[in-house]
Structure formats: structure tokens, C-alpha cells
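Participant: The chain contents come next:
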Amino acid sequence: MYGQIWLALLAPVIFMPIVYLIGRKIGKRVSWVAFVPLMLSFLFFLSLIPEVSHGPLGEYFYWLPEIRFGLSVDGLSLPIVLTVAALSAIIVVYSNPYMEHSIHEQYHRENNKAHATYYALYLAYATSMMGVVLSTNLFEFYLFFELMIIPSWALINIYGTGDREKIALMYLLWSIVGAVIFLTGALTAYATTHSFEISDLVLLQGNPRATFIVVMMLLGLSVKMATFGLHVWLPYAHAEAPTPISALLSPAMIGLAAYAMVRLLVPIHVLENLTMLTLIWGLVTIIYGGMMVMAQTDIKRLLAYSSISQMGYIFIGLTSTTTLGISGSMLQYISHGLGKAALFLTVGAIMHQTSFRDIRSLGGLAARMPLSAIVFIIGCLNIAGVPPTVGFMSKLLIFTGVFEHGLSASSTELLIALIAIISTALTIGYTFWTVRRIFFGPLPDHLKDVKEAPLQMTIPMLVLCLLSIVLGIYPKPILDPLLQVVEQLIHV
Amino acid sequence: MINNLLFVMVLLTILPAPIVYLLGRKIGKSVGYLVAAILFCATFVYGLLIPVVEHESILEEFIWTLAPVRLTFGFLADGLSVPILFAFIFVFAFVALFSIPYMERRLQSGDIPETNAKYATFYTFFLLYAGSVVGSMLSTNLIEFYLFFECALVFSWLLVFMYGYGDRVKISYQYFIWTNVGGGSLLMGILAASWVVGGFDIAALTHIGESPMAFWIGIAIILGLLVKIGGLGLHGWMPNTYAESPAPVSAVLGATSVLLSTYSLARLMPPFKEVLSGVSGWFMLWALLTILYAGAMALVQKDTKRLVAYLSMSQMNYCVLGVFTYVGYGFLGAISYSISHGLAIALLFLVAGALQYRTGTRDMEKLGGLAEKLPIVVIACLIGFLTIGGVPPAVGFKSKFILLSGAFERGFASSSLELAVAILAGSLATVITLAYEFRTIWRIFYGKLPESLKGIKEIPINMAIALLSLSALSIVFGIWPSLFTNAIEVFIQHIFH
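As given, the protein sequences belong to chains A and B, one line each in that order. 15 is the number of the first residue of the first sequence in the numbering used here; add one for each residue after it. 53 is the number of the first residue of the second sequence in the numbering used here; add one for each residue after it.
In case anyone wonders, no lab produced these hints; they're calculated from the structure. Given the structure is predicted, the values throughout are model-derived calculations rather than measurements. Incorrect hints may appear among the rest.
[Stated by the list, open to error] Listed next, the stretches of chain A that the computed footprint assigns to chain B, with coverage defined by at least 3 CB atoms under 8 angstroms from CB atoms of chain B: (1) 77-88; (2) 154-163; (3) 187-200.
The beta-carbon is built from N, C-alpha and C at its ideal position, and this holds for glycine as well.
Kindly generate the complete structure, drawing on both the sequences and the hints.
Facilitator: In C-alpha cells form, the structure reads like this:
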């Protein structure tokens, strides 16, 4: 059926009014209505896995004369969109008990409207993220890219914690600054090729303006990705957003910038000339993020910094411009997505059960919340790249790619590759130290009566872990088409 | 097609004026519903005309005076005028609806006696104002255009003069004098142009480029129109007038400024492309400076309506920027941006009006935390801001994107001046816009609700309908832009090929 990809993409938005109206009547239970379109989209994209190994699928229509909007599903975009859809579907279930608690704390009463708005915005956010992944046109890409900002701004602004309105504004402004820098590059590309089609970006190869375009787009996307120096907004936004949204912001959204770099910038072949700079930049991000994690006492801020650090890995992987490096960073998107979401959800569960978020008042929770402890540990294994999780595979690919590049380039670059590999120890260090601080050691008195989180929270968390282990053991259906497409992108 | 449809349409918005007045003296404010109904009919017809003009323009001509000064008197509906008119009348219709509770409050506030005659005059002038702008956008002839243009000025001046706040007499004279000076410059340009081409027909301007005077004629017309659209240095009247008019009047003034000026620029400027090629980059720069200056001013305002006034001035000049790129996308962007801006600016003035109606203040420092109390207003305000900021899914996104694509195309095709303008307009100006917009939302709708506003209620139904309808149109056009851009595209094809 033609139009089915569009339908799958837009299903959440089509459900928005329904969810809002029903939500005003039934309150928090509307999360199950919101779950329907997200799950349908996920299942639809899942069913495309066998098909994409034969080649990309696309659907196009003319939005304006000469401007063609399309959605394309291939070996590269499918795994990413699947991750986004899966995370959105899983987290919406988790939102139900979490948001009930947090809305109750905020308003001190039942507030059906707050639930209705939350799930409506949530659906818009999900669609915009999937739209970014599937776009075939720069105009369309930018549309979804900006669209992402608005619901996430509103979600932080209305449902966040702490100084939420100020932080939401800061998040919005940083995002817009990134978006307009990107826009400068995109419009320059249009003025050069007279086409908005992403597939026409290859025409820029060898053009004198190509470097400018790539640098602008790279900078713009790096704001979203929170590479060192452009990361200021991230710890605030991710720490103060409502936890289910942090679990979408952090792993799903910021990584989309990396996907966009692969999709848009790799075929122009300018990144090769910048590798030295980008490798150093990525390395600084890894180490800075890792160091900052150690210094945090707030468990959500801690995870936020670890996201910065992990983005550094994705960044060096893709800027190594080798097939393995790029595929590795895309796989890292998936593993970080699953792993970091699991961590955020666990932290949310801890906040929900204990109402503490300061790591110094936590400890010994493994005995009280065993399922959460297991999820958190698997999440950490995933982030640290330890088998059997998919994180192992992704880190391995990234390092192979970076190393391969280092061997063929100068000795400085080889050195950078080595340092990057060694700094994985940092990740393992901070993740397991955190596990120890939260879950082991003596149980403080005020946590004696803590119980395990409700099933609606623990099941989504366990599903995330399950996915990351299944993929870790059997990555083939995703990895093969991915490698194929990346190979093509590099050699166009 | 009905014979003389356009003539009938112009009469539809002018002839009922005496009836509105007489009826208004009897029934007072309810006559606003009659005005709204008339304007809704007109909206409906222009809406139906949009798909028609995608295929053919409609031209009607009458002979007004015979030789020696032969003046034809005509109406032309094409891909440029119909979409703009649709947006324009749509705004007027809903503003009329909004104004019914608003003007009641205005007239009860003390400084003007509340009599039926005051309502009658208000709605009569309101209708005539709409009619004059319609006439000027349908004109085929420069004199006719200028006549309607001046009539619009007089009626809008009367509305400010009679119903404004604060020092309304002084402010309305300031408005009148500034815009008349602009009008004078426009008239000089028009007269010189007709002398050069030997006739008043707008269509005859096509060959004006061959004349040595064309450059100065072009400049005179542009300066005249830039007063209307608030180009930096020519904007002296704008913040005061917008801030001190009653909200419905500010809304229609804002919509007229942007729609009529952009319409006129798009209609009159194409023949001057060659002669102005040396300076059009400087006009782009002027527009950019205005955008940045007014944007910076908006950041420091405390009064809601002054904020919207500066915001409007800032964003309108994107249209000027788009027109002077002289490339297809620039024009398409400018025209569609004028439509999106016309909708949004009216929406925002109405939001400011609704806030004033409910809270009695325009001072942002006395507002806060209203999101809970006034959900419809917060949604309308957000959509207005998204439209103006060029953020999807509002129509502003698409228009601004197209406009900037045109600016970049021009920038790379000509000198570094145009390129710098394009880049700054795309980046710095956009960021400033979103900064003041979201800061305003924060200040008005979030934060702490002052004690005095605890008992506040949602706005009356008339106002809610007006706000939601304008918001809805912005979203509908945003998602499905070809509803109106196909027609504009036809016009663009016609002038650039």
C-alpha cells in the first residue's frame, strides 16, 4: 500500500487530538491510548527489516511545486527509526505511574488536563524524531528538526523540576542557535546545487563551498549532540526534564544529530580533511564528560554528563570516516539509546520510590529494589561496552574503525585512537562506581521501607534490557544492511 | 463566473456602511455582528477565488473619465491579490467578532462616553477601512490604487483618533503625518511614472525600465511604502500607534501594514528590477537592520502591546528583504510570509487585547502564571509566536524557509553584501526573534501568578473563537501550504519567466 510509511510516521500525530480529548476524561490511563499508535509504528517498521536488505523503500509527494517531500527507509535509517519508535513505545508505558506521581506533586490534586497535554505533546515529539530520521529532503529534515524542539520545550517547561521554565528557555535557545547554524549550511547547499534533495548533496563533492557547508552543518548538529563546548544546555535540560522525557531526550534525540551527520555530511567527503580536529574534539568530549560524571551528586545530572561522554564516542566513530567506524557509531546510537534509557528509567524509579535524587542519600538499594538493580547494571554494561550487550559490538566497531584510520594516517591520529580506547576504562569506572554508590554499601535508615517500583515501571525497563541483550547476541539483521548502506554512502 | 464579481465585492464592503451606521445608532454594539457577517461572506468568496486564479486572472474594466485624461477604472484578481486578500479579510472578519466585547470594555473605561453612536461610528469606519484596502489591492490603475490607499489611511486614522488610549490625539496625528509623508512620496513616484509611461495602468509600468528617471521613481515608491511597513528611520509612528490603539484596531493596522505594503511592493517593483539591481542589496541590508533593531527593542519592552509592535516591525521587514532579493523564491517567500505574518500579528495583538481585557494591564511585570487560567490565550499566543518565529507546524516556517532560500540564492549569485545579509537574517535575526518570544511567554504565562489575578476567568466566547480561528488557519496553511501558494506561484511564474 502506498503511503504506509507516511501513515506509520504520522500515526502518533493523528492520535494527538484523540489522546488529548480522551485524556481530559480519563486522566493518566490515556497512556494506553497513546501507546497504540507508537506500538503500531514500531511493529510496522519492524516488519520492514527483511525488505530493506533488498534496497531502500521510499514514498514521495510534492509539498510545493519543485519541493518533493519523501520518506526513505533503508539499512541506515531503519535501525535508527526502530530505536526511536521502540523507546517511545516503551517509555510511554513507564510514563503512566511516573507522571501520575509527578503531576500529583506539582498540582497537589488529580489533573486530567495535565495528563492529556503530556501525552499529546509526547506523541508530537515522537513523530518529529522519526521524521528527522526518514526525511529525504533538507527542507523536510529541517522542518522535523525544528518541530522536535517545540514539544520537548513544552514538556520541560510544564512538567520539569527545579527552575524548569528558565531551563526550558535555555534549552530552546541553544537548540535554535544550533538549528540556524545548520540552516546556514543547508541554504548554502541549496544555493549551490539548486536542490533540497538530500541525495543531491553528493553534487557538492569538490565544490569550493563544500567545506563551508560541511563545517556549518557539523557545528549546528554538534549543538544538538552536545559536543564539548556546545554542551552547556544538556546537563540542565536532561537533569530537570521529567524523567521519561529525559529518557527520550538523552539517548534518542541528541544522537539523531549523529545520524544526520552520517546521512548528510559523509557523502560530501569533506570530513576526511578535518579528521584530526574532530578526533581531538571527540576525545576531549569523552574525557570531559567522563570526569564530570565523577563529580556529580545528582543522579540525573550524572547520567546527563555520561550522555555527553558517550556522544564523544559516536562523534569519533563517524568522523573517522571508515565504514566500520561509522557503522559502529550508528550501532552505538542504538546501544546508547537502549542503555541510557534503561538507566534514566531506573533513576526515575528510584526517585519515584524514594523521592531522593542525591546520590549521597542513597545506598544499598539492591536488596530493596532488585529488579531495578539488575536493569541498572545491564544498562551500565551496555554503556561501558561489555558483552553480551549490544554496547560491546558498537564500541568494538568504533574502535576498529578509528584504529584503522589511525594506522593509515599520521602517528598523532593513531595516538588519539589509542587514548580513546584506553578512556573506555573511564566509562567502566564511573558506571560501576555509580552502581556501587546507589545499590550497594549500607542501606541508610530512611530507605528501610523502600519497595520495588510498580510493574508498569519495571516491565518497560526489563524490555529495554532484553532488547539490548538480544541485539548484542544477534546483531546481524540490523548490522548487515547497515554496513551495506554505509559502504555506499562512503563510496558515492 | 458572475459578471463584475470584483466590483460587487468592493461594493459589498463599502455600500453597507450607512446601514451599519444607522442600525448601529439603534442597536449599539450588536451591529458588530453585521459587520462580521459581511466580512465572513467576503472571506468565503475570496477563498473560493483562490483555486480559480490558479488558472486565470479575473479582470474587469470600466471607463471612468474620457479623453483627454482617459482613466480606466478596473479590478484585477490574480495569484498575488487573491491569497493576500483572503488572509486580509479573514483577519478583519475575526477581529470584528473579537472587537464586540473588547470595544464594550473600551467604551466603558470612562474617557469616551458610551453611546450607541460611538459603536455605530466604530463599525462604520472599520468596514470602510476594510473596503478601502480591498479596493486598493484590486486596483489596476495607479490613481485608483492611490485613492483607496489614502482612504484606508484616513479611516484607520479616525479609528486611532477616536478610540485610542493615552494621548490618542497626538499619537494619531503622528500616525497621520508620517503616513501621509510616505503617501506623498508614493504619489510623486506614481505621477512621475505615469508621465514617463503615458498612462496610469499598472500593467503599463512593464517598460518603465527604459526611462532614465526610472531609478528615482522606484526609490520614491519604495520610500513611500517603507514608511507604511516601518523601515528603520521611517518607523517613528509605528510603536506608539500600535501600542495606543485599541487592540482590534492594532490588529487590523498591523495586518494592513504588512499585507498591503508587501502586496504593493510585489505588484509595483518587478519592472524596476534592472534599474534597481545596484541598490537592491542595500535595501536588503536596510531590512536586516530594521529586523535586528526592532528585535533588540522588543527584548526590552515591558508593555505587551509595545512588544508586539516592535515584533511586528521587526518581522514585517522580512517581506521587504524577500522582495528585494529579486529571485523567484524570495518573492514567493515574501508574499507567503506577509500572509503568515498578517495572520500572526493580528493574532498577537488580539492576545494582548484579551490579556488587557481580563487583567486590565499591559504591564508584563504585573502578569505571570496565567497559563493555568487562560489556556486558550496561551495556545493562541504560542501559535502566533511560532508563526512569527518561523517554527513548524505554523505557516511561518515554510514561508520563512522559502524566503531565506531566495535570500541565499541571491547572496551567492551577487556580492558578499547580499550574502552577509542572507546569513545574518537566517541566523542572528531568527535567534533574537525566538529569544524575545519565548521570554515573553515565560514572563506572561509561567512563573508566579500574582495575588490580584487569582480569580481571573477564561476570555469570552467571541474572543476565543477569533483567537482559535486565526491560530487554526496558521496551522492549516502550515501543513498544507499549496492551498494558497499554488496561486502565488502562478503569479511568480508570470513575472520571472
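Participant: For which of the previously enumerated hints does the structure constitute a violation, in increasing order of number?
Facilitator: none
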